[in-house]
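Participant: Spelled out from the first residue to the last, the chains are:
Protein chains: 2
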Amino acid sequence: MSRFPPISGTGMIIDGKALASEMEAETIARVEKLAAIGRRPGLATIIVGENPASAMYVRIKHSACDRVGIRSQTVRLPEEARIEVILETIKGLNEKDDVNGILLQLPLPRGRDPAPAMAAIDPAKDVDGFHPLNMGTLLAGAERLVPCTPKGIIWALERLGVDLEGKEAVIVGHSNVVGKPLAAMMLNRNATVTVCHVFTKDLAAHTRKAEVLVVAAGVPGLIRGDMVRTGAYVFDVGINRVGDRTVGDVEFDEVLVVAAAVTPVPGGVGPLTVSMLMSQTATAAEMQMSSEER
Amino acid sequence: MSRFPPISGTGMIIDGKALASEMEAETIARVEKLAAIGRRPGLATIIVGENPASAMYVRIKHSACDRVGIRSQTVRLPEEARIEVILETIKGLNEKDDVNGILLQLPLPRGRDPAPAMAAIDPAKDVDGFHPLNMGTLLAGAERLVPCTPKGIIWALERLGVDLEGKEAVIVGHSNVVGKPLAAMMLNRNATVTVCHVFTKDLAAHTRKAEVLVVAAGVPGLIRGDMVRTGAYVFDVGINRVGDRTVGDVEFDEVLVVAAAVTPVPGGVGPLTVSMLMSQTATAAEMQMSSEER
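Quick note, the sequences are listed as chains L and R, same order. Reminder that position 282 of the first sequence reads as 282 in the working numbering, one-by-one numbering, no gaps. Each position in the second sequence, counted from 1, maps to that position plus 1000 in the working numbering.
The shape of chain L in the complex, shown without the other chains (with noise of 0.2 Å):
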């Protein structure tokens, strides 16, 4: 964990790549495991059309699969391809024994509904935790298959120590994505959470009052030093294209000063997201060969 001199904060910069390396150790050896008995992980991925920042994304997926051990493959269906054609595709891929995790990479491209796609995703191989069911089973409680993201982020403060009973917790979007699953995630630990977004009044009186403070707003530069409480764990997940520089949501060197420990971006919830998507791939294998057992 790197460090930058401390002002009014202990200012740690969290530093996502050393601690999604160290999710990665964990994930090969579960892999490693299943691989000896014949079981190697294999996570399939569909893309529809050609978009580049989709094309870039499958690609970072798939090098990960390649540095934990587990098998990728990818489904590439043209521009064109209607939704009856991406279910068929989800379908066998569901039925194929090698296939543990299904990943259908959004968007879609424009007047395809993802809903029924996600919804057509066998619940067991859904690594993106998107499935109804899977939400829904999160949102009563009980974490199975979940999104990589807010999961990625509970993983990072648990390794960071912070132990989220009863800590005030604000998130800043309300996404399907993000906002939305890691609020119920944070419930389950007992934390006192809010939920702003675009229509929330007053933003700054939320935030200034965050012991753990998660932005994923899509807005570069949303969060300013001054609205960050002294001694708070600031997670970014924006991703912004500013001019040639990818920026996240938070104003990172005024917060640095103030939070106990702030992640970087590119570098912070990014790496921590992929890995965490390793990990589930590796879950679903692990509940696959438990199920098959029964």
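I should point out that these hints are in silico values taken from the structure, not numbers from a laboratory. Here the structure is a predicted model, which means the values were calculated and not measured. Don't take every hint at face value.
Said to hold, decoys possible - Once the Cα atoms are required to be at most 20 Å apart in a straight line, the calculated PhoX-like pairs of lysine-lysine come out as:
(1) R:K1096 / L:K209
(2) R:K1209 / L:K201
(3) R:K1209 / L:K209
Following the hints, position chain R against chain L.
Facilitator: Just chain R now, with coordinates in the frame of chain L:
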């Protein structure tokens, strides 16, 4: 809507019975439309053992069925019924065409985990909204069959003309039945939502900010007048026996003079919940019909 002499709020007592009657009038119209084409909705309740409170709740629900013209039936299982027997009973009701809604009265007797039983109910007949598929669909923002108490509160807020978008909403209690699903429903309507509970360090600091305050803690008199913001809408979900009286979680007389409006206990959230169960039974019957037509 009855009114009370206002001091600093407007001191309105939210008449849950009157609102419930309005909702039931709507439900009666829907039920009669279904009955006219030979599809009068039916609700089946499974009750395990002899819990007197459960017996009372089932009586209240079935008397509501009588009022709105929904057929009701009760399946009584003995106290010692094993989980397998409960699951078989549910499967039988799932297959019956004249049962549109299935209610498993909770709590189950000791040693029987309700989770697999709730997950065994056909999601299309899950009028209590506790099936993980319905909970997950709710969390993802598409509300179909959802828990009745939160939905009753949302319905009442709409009736009272309170638009949740941008409102500061605070929920006290993070149960699967009320707090967590209500938080999801309020986020779906773009409120800023804070969920507090027994682990919250400074409850009053949160409740004093609430424009909409929902209390479901099961602690008599938890919310005092000085913990409520002037002009707040306050919903008291608590049902506590104190001596021979039934009281809520809100110190009613103190809060009434501060708030814009408060639900009493009894006669507030309770009747709304029961009427919402009737409404959802009609919804289930309507959805089942339209899915047959497809």
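Participant: All hints are to be evaluated individually against the structure, with a verdict given for each.
Facilitator: The hints, checked one at a time:
A distance of roughly 53 Å separates the Cα atoms of K1096 of chain R and K209 of chain L; the hinted pair therefore is violated under the 20 Å criterion. The suggested pairing of K1209 of chain R with K201 of chain L holds, with an alpha-carbon distance near 12 Å, which does not exceed 20 Å. A hinted pair counts as satisfied when its Cα atoms are at most 20 Å apart, and K1209 of chain R with K209 of chain L qualifies at roughly 13 Å.
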